[in-house]
Every structure is written in C-alpha cells, then in structure tokens.
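Chain order of the listed sequences is A and B.
In this text, residue positions in the first sequence follow the working numbering: the first is 1214, and each later residue adds one.
In this text, residue positions in the second sequence follow the working numbering: the first is 1214, and each later residue adds one.
Among the hints, a few may not be true.
Heads up, the list lumps identical chains together, so a pair's fine if it works in one copy or across two of them.
As the list claims (entries may be wrong) - Computed cross-link-like contacts, DSS-like style, restricted to lysine-lysine with a CA-CA straight-line distance of at most 27 Å: (1) K1292 / K1282; (2) K1445 / K1692; (3) K1942 / K1282; (4) K1450 / K1473; (5) K1244 / K1861; (6) K1935 / K1719; (7) K1464 / K1685; (8) K1942 / K1789; (9) K1728 / K1459; (10) K1685 / K1575; (11) K1921 / K1575; (12) K1623 / K1445.
These are computed hints drawn from the structure, not numbers from a lab.
Protein chains: 2
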Amino acid sequence: MKLFFFFLVTAALQAQENKVQFVKPIIGTEKMGHTFPGATVPFGAVQLSPDTDTIPFLSGGKYNKEVYKYCAGYKYEDKTIVGFSHTHFSGTGHSDLGDFLIMPTQGALQLQPGVASNPKKGFRSAFSHENEQVEAGYYKVKLDDEVITAELTASTRVGMHQYTFENAGESHIILDLMAGIYNYDDKNVWTYARVINDTLITGFRQTNGWARTRTVYFALSFSKPFKSYGQKNYEEKQAYTGFWRKFDQTKNFPEIAGKKIRMYFDFDVLANEKIKLKMALSSVSQQNALENMQAEIAHWDFEKVKQQAQDQWNLELQKIAIEANEATKINFYTAMYHAFISPTVYNDVNLDYKGLDQNTHKATGFTNYSTFSIWDTYRALHPFFNLMQPKRNNDMMKSMMAHYEQSALKMLPIWSHYSNDNWCMSGYHSVSLLADAIAKEVYTGDIEAALAACVATATHRDYEGIGFYMDKGFIPAEKSGISVSNTLEYAYDDWCIAQIAKKANKMDIYDTFMKRSEHWKNNLNPKTGFMQPKLANGNFTTNFDTQATHGQGFIEGNSWNYSFFVPHNPSELKAKMGGNKAFISRLDQLFSMELPDAFFADTEDITREGIIGGYVHGNEPAHHVAYLYNWTSAPWKTQYQVRNILKKQYQPTSDGLGGNDDCGQMSAWYLFSSLGFYPVSPGDTTYAIGSPAITSATLFLENGKVFKIETHNQSEQNVYVKKVELNGKPLSKLFLDHKDIVSGGTLTFYMQSQQEK
Amino acid sequence: MKLFFFFLVTAALQAQENKVQFVKPIIGTEKMGHTFPGATVPFGAVQLSPDTDTIPFLSGGKYNKEVYKYCAGYKYEDKTIVGFSHTHFSGTGHSDLGDFLIMPTQGALQLQPGVASNPKKGFRSAFSHENEQVEAGYYKVKLDDEVITAELTASTRVGMHQYTFENAGESHIILDLMAGIYNYDDKNVWTYARVINDTLITGFRQTNGWARTRTVYFALSFSKPFKSYGQKNYEEKQAYTGFWRKFDQTKNFPEIAGKKIRMYFDFDVLANEKIKLKMALSSVSQQNALENMQAEIAHWDFEKVKQQAQDQWNLELQKIAIEANEATKINFYTAMYHAFISPTVYNDVNLDYKGLDQNTHKATGFTNYSTFSIWDTYRALHPFFNLMQPKRNNDMMKSMMAHYEQSALKMLPIWSHYSNDNWCMSGYHSVSLLADAIAKEVYTGDIEAALAACVATATHRDYEGIGFYMDKGFIPAEKSGISVSNTLEYAYDDWCIAQIAKKANKMDIYDTFMKRSEHWKNNLNPKTGFMQPKLANGNFTTNFDTQATHGQGFIEGNSWNYSFFVPHNPSELKAKMGGNKAFISRLDQLFSMELPDAFFADTEDITREGIIGGYVHGNEPAHHVAYLYNWTSAPWKTQYQVRNILKKQYQPTSDGLGGNDDCGQMSAWYLFSSLGFYPVSPGDTTYAIGSPAITSATLFLENGKVFKIETHNQSEQNVYVKKVELNGKPLSKLFLDHKDIVSGGTLTFYMQSQQEK
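Make a model of the complete structure from these sequences and hints.
In structure tokens form, the structure reads like this:
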C-alpha cells in the first residue's frame, strides 16, 4: 500500500518541476505575519520550529504586549534562538503550544531559572540569517555561540532533529518541559517523563491556557546513547514531594514529575559528530506516541525523512502549475505552503485521538483534524480546500461534526485546537464551512445531522448574545462590546444554515434562517449608511466613531470595514446604502481615506503596512470587500484593487505579509485572487471574477479533471479584464460557478491596461 | 457465569450462619485505629465512607498534626459530617484519597470558601452515633441539621448513595471536586467534569500528593433528573480563563474545569423522597468509569446492591467458622473484615488499568491490585492471604510483578497505590511477599522472573543506603536516620530472596543473599546486646538511647523493639544476645518495663493504649516478638503474652484498636494469634504455636480441604498450652507447617491455667 503510494508520488514528481524550490517559509516571519520557519509536512501534527524567545506574561499573570509578537515562537528580528519546539500555530494572533523545547549546548551546563531573563550559554545562542536554510519540510541553522549546526525535518507525527557538533567535547541536549509559547506561571498543570533506557524517554505535558484542558504525550529517541542525564525543578514553592526525597532526583533518575522541569542529557562528542533525535507526539498516550514514531520514522536516515517531507510538499504544490515571474511563483507556492499547514492532523497512526470530551475516540473512516481558526479560514481557506483539497476538507467537516457530538454544550467548533474550544472571535462560522462543503458536494456525511448541529449552535441563547439576536434581531450595545460584528456575522452564518436546510429540504428551517439572515439590516443606520451599534431601546448609540476598532460594537475591524459585511447579499446592501453610485463612492472612500496616527496607537494587530486607505487587509472582515465592485457598474475597480492588494500586501520577503497569516486565510486570499476569482460568500457556489496575477495556471483536481486559467496580455500594468472566456465562450457576467471549474476546462482572461467601461 | 456464581453463593450462605452480623466496622474509628466506617465490598476499588473533616495543611503547605488524625476521613469523636467520599485507606498513618465528596443539603445554598473554617449548613451537618448504622457493605446516618438520612453501599467499582429527605422543599446535592483527605493548596492538579444530561456527569480529579501523579476518573448518575445545577470555583488566583468568560459558567454550564471547584445539583423533593446516586470510578478514563457502572449496577435497587455487598462479605467471612463468645466473634469477624479491605482491586471491568508508567495496561489473566502497604502487611496479612485467599494473593503477586515491569527504576513496590509508589517506610518487603507466596506454592508466575525482580530491587544502590549496606554490611549512622531499621529489614528481606533463589536453583544468588542476611549482626553491639547505630568508621554511636524512636537509627520502633528483629534466625539472635536465659530475660524486660511520659511526648502514632511494657503493638516491628519465647525454654510466655495482647489491644468498640490497623496487618495478627499460630518469618512455611483464643475454628480452604482447630478446656484463664495434637498425634515442637494446614486435618489444643514447664 505504502510502496504503491510512493511509486505514484515518484511518477508524479518526475513529470513536473520541483515546486519546493519556490517555497520560502521565511516569508511572514518578520513583523506581522506570525508564520514560523520550521519543518512540517502538509497538515502535519508536528510543526518543529526554532523559537527565538518564549516571553512570559508579567508577574501576576498580567498580559505582556510583547507576548503577541511571539505567537509563532520565532521573530525574524531576534538575534538569538532559545531552542526548537514541536508545536506551533501558523499566523495566529493568539497562541499556545511550543511543546518540548530542545536545545543543544556544549561545555559545563548551568541551569539557571528563567529563559528570557538569563541569556546564558545553553539557553540561547546567537544565530544569523545568513546561516539559516529555510525550506518546506526542512530547517537548518548554525548556533553561533555553540558552534552547533541544527537541522530539523518532520513526518506527520514525528519531528526529527540533527545536531552537528563542530567541536569535540562535553555536550548536552536540553529537553525543556516547562517552556511554552504564551507562557506564564501555572500554565503547566503537570509534566511527567520517564527514561526508559539510554536512548528513549516518554512522558507528557499538560497545560491550562488557550486550550483549557490539554495534554500532549511524547516519545523522544536519541540516535546515540546518552552517558548520563539529569533534571532541574524550577518550582519555587515545591509541590509535595513526600518520600521521593529518598532519591537524588537531580541526576540519572528515571521517573520525573512536576510543573517546572528541565531535563538534560549528556554526551561526549567527537568533532563534527552528529546526534539525531526523533520526537513523536500523541494526544492520547505515551504508547501511541511511541507507536507513531515506529510507524513513521523507524530509522535514523535524516536525509530520507527530509526527502519524504519535501516529496509530500511537492505532491501538494504540484496540484497547481503556474506560469509567472519568479517573485510571483515564490509568493504563490509559499502561499500554498502556508495554506496547507493547518488544520493539523489530530489522530494517531492507530486512529486514536482525544476528543473534546477528553475521551479517547477512533477516527474511523476519516482523518481527524484540529486547529480550526474558523473565523479566519471560512472566508477563503476552506473554499480553497473545497477546490484543491476536497478529500481533506470532507474529513475536516467530519472532524467538526465529531467535535459537535463530543460537545456537552452541543456546539460546533468556534476556534478549536487540541481537544478544546478556545472560543476565540465572533460568529459560528463552522456553519459556513459545512454549507460550502455541502453546496460544492464535497461533504459526504449526513446533511440532516449537519443541519441539526448548525441549528443547535445557532440557537445557543447564552452564547455571545445569540438570545438577544434571536429575540430582537440585533444585540443591544449595552450587552456586548462587539454587538454589530456578531449580528452581521450571525446573519451571514444564518444564510449558510438556510442553504443547508434547502439542500435537506427542511423548508421551515430554511424560512427561519433566511429571515434571520436579514438581521444585518437592523444595525444599518439608514441616515449614515453605516453599520452602527444599537441600544436595547432600538436607538443607535450616540458618540459613534466609524473608525473605532475596540469596544464600539466591532472586533478586528471598524464600521468602515464591517459596514460592507453582507457577503450573502451585496445587492441589497448596495440598495440600502443608497444604490450603485453611493455604494461605489463608499467603497472608493474606504480604499482611499487617510487614517490618523491615533488609529494605530492602541491596536496590536493593525499596522500601516496592513492598510490600504482605511481597508484593513491584515484583518479578515473586509477580505471580500474589494470584490464588491463586481455588484456595481465599476467591476474594473475590483480588478484594480485586487491587484493593488496582491502587490502591496504580499512580498517574497521575511516581512512580506501585511498581517497575521491566520492559519492560511491570508494565503488563501492570495491564491484565489492571483488565479483571478474569489468566493465572496462561501456557501454559495459562485466566485466573483477579479484579475489574475499569473500568466497561466493549471489546476489538477482530485476528481482527475484539469482546469486551466490562461491569460492574454497579462502584466503588472495590464490589470484590467477586457473579456473572459470559459471554454472559448465569453462569460456574460464577471462570475464563475464552482461546477464550471470542477468539470474541467479553460478560463481565458484577456487583459488590458485601461479599465473596461 | 454470573448467575452460576450467585447460585453457589446462595447455596453456601444457606448452609452457614450470617457472619456479617458480627462485623462492626465502627471498631477502630476512634483514637488510633484509623479505620473508616463506610461501605465497601471485599477488596473493593470504591470505599465509600463519611468524612467528618478534611483538615488542610497549615498555610505554606506546613504539616498540621491534626491531619494525622484524619487518615481515614472519619473520626468517631467528631460531631459533624462534611460529606461522603469514595476512596479511603483503612488504618494508615499517612493518607491521600477522599475523592469526590458528596453532601446533600436543603434550603438556600451558600457556597462559602473553605470547609473546615466555615461550619455552615450545606457543608457539614451534626450527627449522632445513635442514628448511625454501620455494617459490612452498608452505612446509614441521619444528618441532623439537614434532616436527611444518608445510606451508602457499594459494588467493587461503584458507590451507591441513597438520601431520604424528611422534609419537602428545595434540595441540593453537592459534588465537591476539591475536597480530599490530606488536603492542601496545590493538591488538586486539575479537575474536569462534563454534564452529559440531567442525570449523568463524568470527569476526573488529578492530584499530586502521596501519589505523585494520580488521576481518578468518575461517572456519576442520579436516580432523578436535577432541575438545575451550578458550580463555584474557589481559586483565589484564577487560572487563565481566556474566552471561556463569554459564558456564565456558574449556572447550568456543562463543561467544567479548574483546580478548586464545587458543583451542586438542585432538586425539588417531596417529604420522604429518596434520591439515589451511583458513582463509578476508573483509573483509566471516563468511558471506563461509565462502563464499570453499567456492568456492576445497571439498576436503581439500593437494597439489592446492599444485599449483594453483604452476600460477598458473608462468602469471604464464612471461610472461617469459629466457636467463641460474642465479643470474640465480633473481634474476629471484624478483624477478618478489616483484613479483606486492601489491597484494592485496581482494574476496570474491561481489564484496563493505569500502570506505574502512567500507561494503560490490560490485566490479562489476573486481577490487578493496588494499595500495598507492604512494610506493614508482609508480616501477617499476606501470609494470612496465602492461607485463606491464595487466589487473590497470587494475583497480588502478579500485580507487584507488573508494577516492577512498569517501573523505570526497576524496583518492586515499597508502598504503592493508584499507579504510584509513595516510597513510605523501610525495607523492600515485596521480596518477603513473593518468597512467602512461592514457599507456600501460591504463586503461579515465573519464579526466575520474580527472583530477578527481587535482586534488582535489593541492589538499587541509590535507594535508602542499599549501596552502603552492600559494601559495608551496615548503613553508617551519618548517612541515615534509620540506619539500623534498614539494615535489619534488608537482612531479613535478603534471607527471603535467598529462599526464592534456592527454589529457582540459583545457588550463587542464594549464597550472596544468605551472606547478606547475616548483616543484622553488624548492628548488634555485643557489649549491650542491643541493636545500635554504627558510624562509618565501624564504631557504635555514643549517647545512644535504647528507647528513642526518632532519628536514632530506627523508624516506628526503638532499639528495645528492633533488637529482636531477626525473624529469619531467632536462634542465632538468642545466642548473640547471651543465650537462652539472657534472651528470656530481655524479652521479659520488654514486656514489663515502664516507660516515662516523655516517651510519648513526640510521637503521633504511639499512645499508652498501644503499649505493653515497652512492647509497642501499635507499630509493626515487634509483631513477631511475643512468639520468640518459642525459641527458648519458656514458650508458655509466648502463650501468656499473645493472649495478653489479644485481650488488651483488641476490643469490640470504636476505640478498640490500640494502633493503626495498617491496611489489615493489625487485624491479621489478631486472626492468626486467636487461631493459635503465627508466621514469625514469612518466606518460611513454619508457624509458631501460640495460644488460641477461640473455642474452635473451621477453615474452609480454597483447595477444598478443611482444617479444624479444636480446643479443650480453653478459657480466658486457661491460656497455657498443655499439649497440641495434629490429626490426633502430639506435636513434638510448638511449630506447625503450612503443608499441615493446607492438607486438611485437625489441630487440637489442650489448655490449662498454669504454664507447662
């Protein structure tokens, strides 16, 4: 079975160019991107990457603004590396994870408390980007202070390290059980490790945090037996130790438990000797972690693992072959790489996984996924999956349904990772994911069951104002700081539920939710044409600021951006905002306004780089807005703005992302937009035509069909669409249907340097 | 299978008198016994009992002397009950457990922080012993403040509660996830619960403490749906709560997690309405807990569960039928009851259990047991099991071997419970258990593997001075406060290992350990005839106090008691102590000396009640000493002292035990001694004859044989043995072999009022 699979891989690879060469995982690691540069396979459970710091909260658990910068563990701007940990989010604005930090070091070992405040040898090493090699599935860096070269690669559930010690001598590998991203006192609930023999350790780390009740089990194997080992417990107030004090637990003691422990393993190395490590993870048990290791990497051939990781990437990336200039190819394949990092595989090779109910379940008949940043990714990432990864997206839908079934609250995931929901952001956009997968005939599960899950989630009266929303049609501003965002997003989500109901032929539910989907009208002030917070008495609030992003009814956006948030009905929004001309003018104003410095003073996730006029591409609520000109008499403005955003917000550089990549949503926007179309309203099968940024593209679909996108006269100047043909016939409207693509065929863009009027 | 089993039970029960009537679990609940009065089946995993207080440590985790008194959760002297929890140790001097405290209450609920300091309604209720009914497998009490009658019973893995509310009205049942025995800040590592529906809750409690890494999973079912529920989190410094703050988690919120949580469930009850609860436990998972519940108690018939529990007790107790006066019958069957409480069953109905390695294992081919208080129980309890519970004891040996195989340290258990070793007390007496089970042909496992485990444990140089002991033949007093206890106990244990080696025909190991078994001689000061601590330079310490019990080389004993600790070679000890006359005189002195008050000032586990002269029956190291006269010319003094101890140390009253029952060791001493013989040196098949305190006894052995003990002229005055016949033939020596018993037959004692000289 496996042999056959690899034969297919090899055959496919020979037929196409190597796409991995265009992937630059360093993109987005500086400033706002919050991506990580380390090694992962597509959708890998292990994402092994260097951390340049693990900033703790301030004393007393107070939030430290610096923490935000380290969501991915790695900041390009930093000069030192503290180690290599095995779990990372890609592009988030909140975080967790960073499990099992490994750091090699040479010379006498000094285990001082606290990482950040003690930049000592052994805890961090200087490095330079010149000595970094950052590829899909492979990361290499020279640790200058240590004169050790670190290399990382991974399989789905196993991270592999290779450390080359330039100098002979006393060497150590530190396994830090207390380190973590978004770290603070009491984040570690418990850690446990057992040294089984001189090359194998298993254990677990249990944390409280963004994931409230989370345990990661590990199995760690060394290529060379360590000669001794030890631990230091940094707990100031020691937990009850009882008669364990009979032992000297600091040295060569194999049963380790506590909350703040660093372990180290001692080696004598020759000059240029390599020590390799394999770290396998599981959500279920130490045994499963070990089984994952044995199943995925039974050997010590680092190059082979790296090759397999890159082969896997090639296989995914070759699903789209593009012609474009080098910079665009880098942007495109790196975007594809970032789009295929999460959701992450979340079951063991034996199919076990820990469910939301903290019970062990079997992922029978599907691969279970975790890391659902749904508020971000419903917009373009999952629609992109429905196009290019339908099998995986179907499994992701089944994972969400399993989550629902395991939920005592009976809710679909909001933002879920590692057997937990962290309840981040607004809306209940799982319903959009399901609606899109159902509309595009990707979901093979029971549609009625999906509908029931959506309805249960959307009628959870105690959650985020849903009760008010159901009763009044809006959420009173007194009751919520994000009343408008919620109402708008619920209205769109309800339209999605209605689409599912229609498929299921449940017309009473369809009617109910179509009615709810109009609730956006309740926050639209007809006098101003802006979405505005409304008081319980039905009056709009006074002293309303259209630019305010915090607490005035909105989240990750202001009224300027959110007022366009009716993705399921732009035509009626246009009408309510005063018709074609007024709507165009309002859109123009958004893209051209000038924001005062004060606007940026109090935001951690918006910078001038992420802004075009008042359009905030770095946050998601406006991601569809550039395409709204398609509903007006000026679709050429969509073409202009899309190309403008592609150009300004995506650069093939470490600081090339204007905002958090948000688990691939920013990248998915790039992918759709550069191909020339975008899903404005997931749940609908229609794409709005924009302006392709590639010369040509060939989509190799999972159903065996091929869809080609060809352009004539496309260039950086020729961003305007003169004509579009589908299979040689001109499109009458600037819209495309999903079926048009998945049936296979050719879309031909004729481009020009002036707008088509 | 099950039906057949119960048919056999019923048949056996009809044939014999009800023994449960003689069991008074209240014995030992006052003062020093540390037994609990609640409900358990023989060797039950759930031991459901009232707690009268859960004393916390002093601030800063400092040990509070009051804590010691609450090892069993219940103190007969107390006037109030705080609730009913599901796990208890029986008779220990250290503790843990007390999981999932349940308390019913009526009226408006006030959840105040802290149990002990807030004696409010709802947290504790007055009760009186007049309103208590305490039976094997059944406990009943009236909560006076609440006017609620509480009844408890249990199956192996499920506790069942029945609360009768005298008055109609608003009622609540509190599930306290933070309460525990030996409680202190940070004892709870994490707790988790989910309300699955209005009658079912599952979850877990994870603690750090005597068991360092311990999790107990539960499933709790109510006979009547609650109308609402809630929780209070008592954590002063709240753990990171993130976006969970979106919910009002205090009321009707089904996903609960934190460190200090009390839940409550609301009911409206009619006058005299009963609400029943079933609480099932598992060491592995919530699912297993639920499966345990469904397998063991699928119904709501409280009386049936109670009847089955008492039937199980009868089945065990009827293995010995005695003729004796009422008080002796009560003492005897209560001792048998206490002897059959632990070790406790530690696998789920599906055979899963959590091993020492924190992995899930299957107990295939044996029942897995936990709660091994081995320093206590190797002396008489496990020898008693080899006689009356060989099948279970064989499984206990297999459980210890599994523990060894799961131990990263490669050690047999010292004092183990709940997938942990707590390392309490001295020696490595697992080897004695194995040696005794092997010598008596009870153990069916691999003898060579058992030997290897014993040798590995006995050569763990870093543990408790074993390295010194191996190198020097004694442990230098500078290196250990209990150097003499350790050396003496190791020497006996080594003799046990030698016996196993002999069975396995490993004569090199036999020789090595027989040599080690003589190390007791190194601490015997020939000048004083006392066991004394020795310095590394080979000199005995100066300023030595034969009565000191702390830090002067001994643990739970002083030199007076420990100097007799050579159970495997009393003859040579006698010789070294000056021969027959000197030895007798020294023994006489022990039993007749007068101790100053100062002796009791600093001990928590020795009181005047537990002492005869200087002989401390309340602690174990001297348990064999009364029988040592059998190795002298004055065996009648054994007969006198044994009867004296039986009379003075065991009373059929709440304060009837002179010392901690220590998981059944004190009771096992009673059982053997009142039957007329005692295993002075477990690992040897010989019993020393004492003086029977019963009129007659019939032992129904598992092999189908029957062994009868008959007496002539036995009375409280006639304690001296004139003659003993085995199957009608006089015994030439006052010793009996295990084979003599298990072959079946009759032992006849002819008693008299004067010693046989």
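Verification of the supplied hints:
{"no.": "1", "hint": "K1292 / K1282", "verdict": "within (15 Å within a copy, 58 Å between copies)"}
{"no.": "2", "hint": "K1445 / K1692", "verdict": "between (49 Å within a copy, 24 Å between copies)"}
{"no.": "3", "hint": "K1942 / K1282", "verdict": "neither (50 Å within a copy, 90 Å between copies)"}
{"no.": "4", "hint": "K1450 / K1473", "verdict": "both (11 Å within a copy, 19 Å between copies)"}
{"no.": "5", "hint": "K1244 / K1861", "verdict": "within (15 Å within a copy, 81 Å between copies)"}
{"no.": "6", "hint": "K1935 / K1719", "verdict": "neither (43 Å within a copy, 95 Å between copies)"}
{"no.": "7", "hint": "K1464 / K1685", "verdict": "between (65 Å within a copy, 24 Å between copies)"}
{"no.": "8", "hint": "K1942 / K1789", "verdict": "neither (35 Å within a copy, 113 Å between copies)"}
{"no.": "9", "hint": "K1728 / K1459", "verdict": "between (70 Å within a copy, 26 Å between copies)"}
{"no.": "10", "hint": "K1685 / K1575", "verdict": "neither (42 Å within a copy, 56 Å between copies)"}
{"no.": "11", "hint": "K1921 / K1575", "verdict": "neither (39 Å within a copy, 56 Å between copies)"}
{"no.": "12", "hint": "K1623 / K1445", "verdict": "between (43 Å within a copy, 22 Å between copies)"}
Hints 3, 6, 8, 10, 11 from the earlier list are contradicted by this structure; the remaining hints agree with it.
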